[in-house]
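J.: Quick note, the sequences are listed as chains H and V, same order. Position 43 of the first sequence, counted from 1, bears residue number 43 in this note's numbering, the numbering being contiguous throughout. Position 38 of the second sequence, counted from 1, bears residue number 38 in this note's numbering, the numbering being contiguous throughout.
Note that these hints are calculated values from the structure, not bench results.
With a straight-line Cα cutoff of 20 Å, these simulated SDA-like cross-link-like pairs (lysine to any residue) come out:
#	chain 1	residue 1	chain 2	residue 2
1	V	Lys312	V	Ala337
2	H	Lys396	V	Met85
3	V	Lys357	V	Tyr300
4	V	Lys312	V	Ile132
5	H	Lys396	V	Arg96
6	V	Lys292	H	Asp82
7	H	Lys278	H	Thr97
8	H	Lys276	V	Ala99
9	H	Lys261	H	Ile335
10	H	Lys278	V	Asp77
Simulated coverage check for chain H against chain V, where a stretch passes if three residues somewhere in it have a Cβ under 8 Å from a Cβ of chain V:
#	stretch
11	270-276
12	289-295
13	298-306
All values derive from a computational prediction rather than experimental measurement. Positions of the beta carbon are idealized from the N, C-alpha and C atoms, including for glycine.
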Amino acid sequence: MFRTTFRRELLEAISSSTLISALVVLTILVPLSAYIQARYYQRVFENYAIRQSIHQTENSSQAMVLLRPLPPLLPFFNGAYDSLPDEFRLRSDSATTNPPSGDLTPLDWLFPKIDLSFIIGVLMTLLTILLTHDTVAGDREKGTLKLILAGPIHRRTILAAKLTGVILLITIILILTVLLYTIVVTGFSGGTVELSVANLSVLALLIVVSLLVLIVIAALGVVISASVRSSLVSLAISTSIWIIAVLILPSLGPYIASSFKMVSTFEAAQRDIDLKEKELMQEELSEHRKIAADLKAQQIGVESAWQRFLELRRRWMERRNEEIGRLVKERKKLIRDQQDFARRISLFSPYVAFKVVLGSLCDTGVENYDEFLVAVELYRQQEFLPESFDLLSRQKPWLNAANPDDRLQLRPLQAPSPDLSERQTAAAWPLSILIAEMIILIIVGVLRFERYDVR
Amino acid sequence: MNNLSESPFLRKQTMGREGGRTWLIAKKEVMANVRNFKTPLALVTMTLLLLISAHVLALDYRNRLNNWSVNQIRQRDPAIGGSVMYELYDGSFSHREGAGRTPPIQPPQPFSAIVKGMDGEMDRIVSVSQRIVFGARQGEPATSALFDPPDTSFVMKLLVSLFALMFSLDTITREKETGTLRAMLAQPIRRWELILYKSLGASISLLAPLAIAFTCEIVYLHLAHGLISNREDISRVLLIFCLASLYGVVFVQIGLFISTITTRTKTAATTALLAWATIVLVLPNAAVLMAKLLTPTPSYNQLNARLYEARKSVIQKESGSPPTTRALPEGPVSRQALPRLFEIERQLTDDYLASKKDQNRQAKIFAALSPAGALTFGLSDISSTGVDAYNSYLELFRSGRDVMLDALKRRFELPPQAGDKLVREAREMVANKHRRAELLGASFRSSLISITSLFIWAVLLGLLACWRFKRYDVR
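Make the full structure from the sequences, and use the hints.
T.: What follows is the structure, given as structure tokens:
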């Protein structure tokens with residue numbers, strides 16, 4: 001009986017016009033967006049090499065530019081990568097790491113890029129709603145529900161069979177979509193996206209997470225279908241929930257959070273830092289003047305004066321780092337609070353949870369960016385500053401002989417590239433919310449169907 | 001029968017009666033929608049969402065305005081710098097330190113509280129000298145990078161279309177399912193008139209709540225944030241409403257058309273949802289993707305790489321040495337070579353800006369072919385946060401750069417002090433140039449393509465629905 005119901009559900013879904021038209025849209029859209037993302041990634045990849053070589057020749061003892069490493073799976077999920085700066089200028093005379101420049105992407109403000117996350121998170125969830133909204137109510141309208149229930153079979157078995165049928169179909173479509181997308185991306189990216197074991201395992205995880213999201217949505221459709229009498233009402237309710245959860249709430253979340261938890265604007269924070277920095281600079285200069293006069297009066301040789309100067313410089317550098325670092329850290333904490341708040345009010349939307357998990361899988365999420373910023377700061381303090389100070393201390397400016405090779409020879413920034421297990425722990429919170437939603441919805445669905453009025 | 005209708009007197013009478021009856025159809029449609037809670041639902045949802053969106057985006061606008069005004073204050077903060085000379089009996093060295101002024105950012109548009117458009121893209125420091133250096137974008141909440149900004153345009157794009165479909169997709173199928181369609185068509189009324197008045201009824205049921213909700217939003221923005229205050233703003237608001245209603249009417253026609261090609265309300269509903277997702281979510285994005293594919297632009301980093309190469313080649317040509325990888329490109333360029341370098345840099349930057357503008361324009365034309373794309377671009381054009389406003393923003397820097405280049409070239413013909421003064425004045429002038437909101441006429445003109453596209457869609461789909469309904473099987 002399970003198998004009969006299951007097969008019937010599957011056949012019904014396959015023969016529906018909804019599925020056929022959705023498949024048409026998908027077969028056009030998936031290769032198109034994959035192709036464009038692949039070409040885009042290829043360009044970004046080539047740019048990256050050019051930028052790196054430019055910055056390497058431009059690095060001096062006073063300044064260097066750090067590049068954020070490219071996430072290998074960028075074409076699958078753009079995430080926050082394009083809209084956040086990926087270059088940072090480190091300077092030995094400043095305690096801030098300001099991004100020097102940014103690309104102009106005005107069109108992305110009107111229409112965000114279509115990538116795999118959009119195709120799965122928006123289009124396939126809608127398809128799932130359309131396939132599941134009439135599982136119970138539709139059968140009741142047609143009168144077939146009575147016949148099915150007349151057989152010697154538990155109601156929950158029927159529900160399980162129906163749900164399995166839809167989920168099997170969706171799984172097949174999902175796997176085909178990801179496969180097509182992957183093939184097009186690897187084919188047209190000019191070898192920049194390679195299917196290494198790590199990437200393939202991330203893609204496998206991506207399929208699992210997508211499936212989880214789609215099951216949540218399918219269970220939602222079934223719950224609503226088992227709660228109302230007519231399939232039209234069921235469609236209206238589940239579509240409204242879908243629109244709120246997938247389209248409206250994710251957009252509103254960050255803005256609501258920023259209106260509740262105010263953070264000083266970028267320029268205001270920057271001005272505080274600037275004023276502080278200028279104040280410290282004035283103090284340092286006046287102390288230099290005093291020491292210079294003292295040294296001159298004491299008839300001290302230039303070598304030991306240079307040592308005194310270096311010591312003074314180091315002291316001031318440390319002080320500046322400490323005071324400016326405190327200002328930066330305070331603001332960062334406020335921003336993180338705001339982000340957490342935004343997440344808390346929108347994480348129960350499966351789409352948001354999906355994007356958060358994808359971000360940590362593909363290295364393009366907001367958290368990964370924060371990790372990168374931490375890495376930049378560490379690099380600045382542990383590698384750049386000591387090295388540039390070292391370079392300075394080896395110089396002998398009074399000899400008037402320019403050091404021919406006064407460049408920083410630093411190892412490139414190692415991106416915080418967590419291995420798979422660390423990524424999973426980063427994604428644990430949204431994943432557990434998704435799983436909890438799935439379990440709750442399935443239980444509610446079974447309970448509602450048990451006492452469903454068949455007439 | 002023929003004779004009767006040819007008699008002018010009788011004809012007039014029947015026309016009058018028919019007119020009354022057709023109006024009755026529209027009225028009945030409106031009343032039915034009120035009674036089955038569709039109109040109240042639309043009213044509540046749209047009012048709520050538009051108010052929330054107005055609130056958060058007005059706060060966002062205030063924040064950005066604040067950001068800009070702090071930037072203006074920063075312009076007047078003193079630049080400090082100084083050097084200390086360590087002079088000792090057997091040698092000397094010096095130490096320099098300094099912090100300069102920050103370049104300006106451009107003020108946000110007040111209408112970005114309603115339609116944010118491309119305005120967020122302009123929240124960046126741009127320094128203009130012989131080159132234009134775009135700083136990184138600042139001030140958006142990082143998490144919002146993942147999703148669309150929830151402005152009025154976004155809410156309208158989703159909800160107006162969805163409610164339009166809700167009001168119109170069952171107009172024919174419901175009548176058929178309840179059997180009233182036969183009775184109605186038995187009356188002396190033409191089928192196209194029926195469709196016309198049905199669409200009129202659905203449009204009224206849609207536009208009345210939209211008008212109320214939008215008015216609430218505007219009143220809120222005016223009272224709480226003092227935003228829409230003069231006559232020009234009100235005409236912009238009216239234009240926004242007109243465009244949104246045109247968009248709604250297009251979707252009413254789509255709903256009617258779907259209603260005429262299906263036989264059951266349920267099929268009509270699923271078809272309409274799929275059509276909605278395709279038209280609203282997929283088509284405009286795909287159009288923009290196509291435009292990007294057809295007019296690829298170099299990225300900003302590519303431009304920087306080219307500028308760097310140009311500088312390197314000029315220096316190498318000057319020194320006459322063969323190109324080596326270790327050549328120091330930041331070495332000084334001599335006075336004779338500078339104008340040539342400026343010219344190359346100018347050419348490269350102009351090409352870059354022109355390709356960006358081209359891409360924007362192309363994307364607008366492509367997207368305007370679909371209703372949702374036309375709405376998004378049209379609304380942002382009216383609010384002067386759209387493509388043309390952005391292109392004139394780029395143009396502002398281009399002309400500023402030309403002024404700077406002119407001053408830098410003429411500097412060499414003057415004595416050093418006068419030359420420095422000239423450059424300083426030019427710099428001051430360029431920094432104080434702010435972008436202004438486009439004039440109403442210009443905004444209207446740039447949104448014409450969207451209005452035309454929506455209008456053509458509405459008429460075409462209406463005709464299509466009439467044509468389909470003519471051969472509709474009533475049984």
